[in-house]
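*Asks:* Sequence:
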Amino acid sequence: MTRRLAIRLGIPLVVVAFCAGAVSAVLAQETAPGAAGPGIAENESPPRIVAMAPAAGATDVDPATREIVVTFDRDMAPGFSWTGGGPDYPPIPENQRPYWRDVRTAVLPVSLAAGRYYRVGINSKSYRNFHSAAGVPARPAAVYFTTRGASPELEAQVYKPVVTDMRPANGATAVDPRTTELRVTFSVPMGGGFSWTGGGEEYPPIPEGQGPAWMADGHTCILPVRLEPNRQYRLGLNSPSHRNFQSAAGVPLDPILYTFRTGP
Numbered sequence: 198m199t200r201r202l203a204i205r206l207g208i209p210l211v212v213v214a215f216c217a218g219a220v221s222a223v224l225a226q227e228t229a230p231g232a233a234g235p236g237i238a239e240n241e242s243p244p245r246i247v248a249m250a251p252a253a254g255a256t257d258v259d260p261a262t263r264e265i266v267v268t269f270d271r272d273m274a275p276g277f278s279w280t281g282g283g284p285d286y287p288p289i290p291e292n293q294r295p296y297w298r299d300v301r302t303a304v305l306p307v308s309l310a311a312g313r314y315y316r317v318g319i320n321s322k323s324y325r326n327f328h329s330a331a332g333v334p335a336r337p338a339a340v341y342f343t344t345r346g347a348s349p350e351l352e353a354q355v356y357k358p359v360v361t362d363m364r365p366a367n368g369a370t371a372v373d374p375r376t377t378e379l380r381v382t383f384s385v386p387m388g389g390g391f392s393w394t395g396g397g398e399e400y401p402p403i404p405e406g407q408g409p410a411w412m413a414d415g416h417t418c419i420l421p422v423r424l425e426p427n428r429q430y431r432l433g434l435n436s437p438s439h440r441n442f443q444s445a446a447g448v449p450l451d452p453i454l455y456t457f458r459t460g461p
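So for the sequence shown, the working numbering puts the first residue at 198; every next one is plus one.
Calculated directly from the structure, the hints in this document are not laboratory data.
Incorrect hints may appear among the rest.
[What the hints assert, rightly or not] Cross-link-like lysine to aspartate or glutamate pairs, in silico, DMTMM-like; alpha carbons within 25 Å at most:
1. K322 <-> E241
2. K357 <-> D259
3. K322 <-> D270
[Said to hold, decoys possible] Quick list of simulated restraints, FRET-style, between CB atoms:
4. R263 <-> M412: 38 to 44 Å
5. V359 <-> A410: 20 to 26 Å
6. N240 <-> L351: 42 to 48 Å
7. G389 <-> T456: 24 to 30 Å
8. L454 <-> G254: 18 to 24 Å
Each residue gets a CB set at the ideal place from its N, CA and C atoms; glycine is no exception.
Using the sequences provided together with the hints, build the complete structure.
*Replies:* Shown next as structure tokens:
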């Protein structure tokens, strides 16, 4: 687990995050020496992905598909970081390698099989070679899909996790200030990582020596907290740059704002 402090608009940002499992396969190419590198254009927003083929969450993809194609909203530097690993990462045909079709379109050659689930990451916290020509890295993302002939169980892996229960409830008022933990339950088994995000006075303190934990069923994450009476609290589950709440299949939770207020 990592607890990091950053400064955003003068407000301390607290991120309690853990990524379950290390990246075991990375296809990365850095920008050539002398070209723009990450961190050069501080005022530029991160590049956005405007198209994926296959689309993230697609099912019934033709196993004869030979490329994963990602298009960005601006001109990019020539580096790349295709990340992932294990049996869900598609093999690359012999003597082929990733390339750029043009300055906005990256291509990963693949060899797919029928009836399979695949997932490929685009950048990660450690590998950020997908960055704009001005040097701003794209936020981590992923393309995930099943090929034609996949079982219903495999197809279910492309579904995004959703929150099915929060305790205290999201938006609750008059929460008992003696509450010692927040519990969030998800619709599918999760991967074991987490990103509790937020900052400032409304972020609930975590007792010294404690940290988030998952229940054995993999559906419920618990955050130990120390609350005070008559206080408003605000935190997040995931954010655009911290996405460790993911299903066991690697599909991230869409960011959620979690707020509640304690009573006297």
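*Asks:* When you check the alpha-carbon spacing of K357 and D259, does it fall within 25 Å?
*Replies:* 22 Å, holds
*Asks:* If I claimed the Cβ atoms of L454 and G254 lie 18 to 24 Å apart, would that claim hold in this structure?
*Replies:* 23 Å, holds
*Asks:* Can the suggested window of 24 to 30 Å be confirmed for the beta-carbon pair G389 and T456?
*Replies:* Holds, since G389 and T456 (Cβ atoms, about 26 Å apart) stay within the stated range.
*Asks:* Taking the Cβ atom of R263 and the Cβ atom of M412, is their distance within the range 38 to 44 Å?
*Replies:* 42 Å Cβ-Cβ, so the 38 to 44 Å window holds.
*Asks:* Within 25 Å, alpha carbon to alpha carbon, are K322 and D270?
*Replies:* Holds, at roughly 21 Å.
*Asks:* Keeping to a limit of 25 Å between CA atoms, is the pair of K322 and E241 held or broken?
*Replies:* Within the cut-off at roughly 19 Å; holds.
*Asks:* Hint says 42 to 48 Å; check whether the CB-CB distance for N240 and L351 agrees.
*Replies:* For N240 and L351 the Cβ distance comes to about 43 Å; the hint holds.
*Asks:* Given the hint of 20 to 26 Å, is the C-beta distance from V359 to A410 inside that range or not?
*Replies:* 21 Å, holds
In summary, this structure violates none of the numbered hints.
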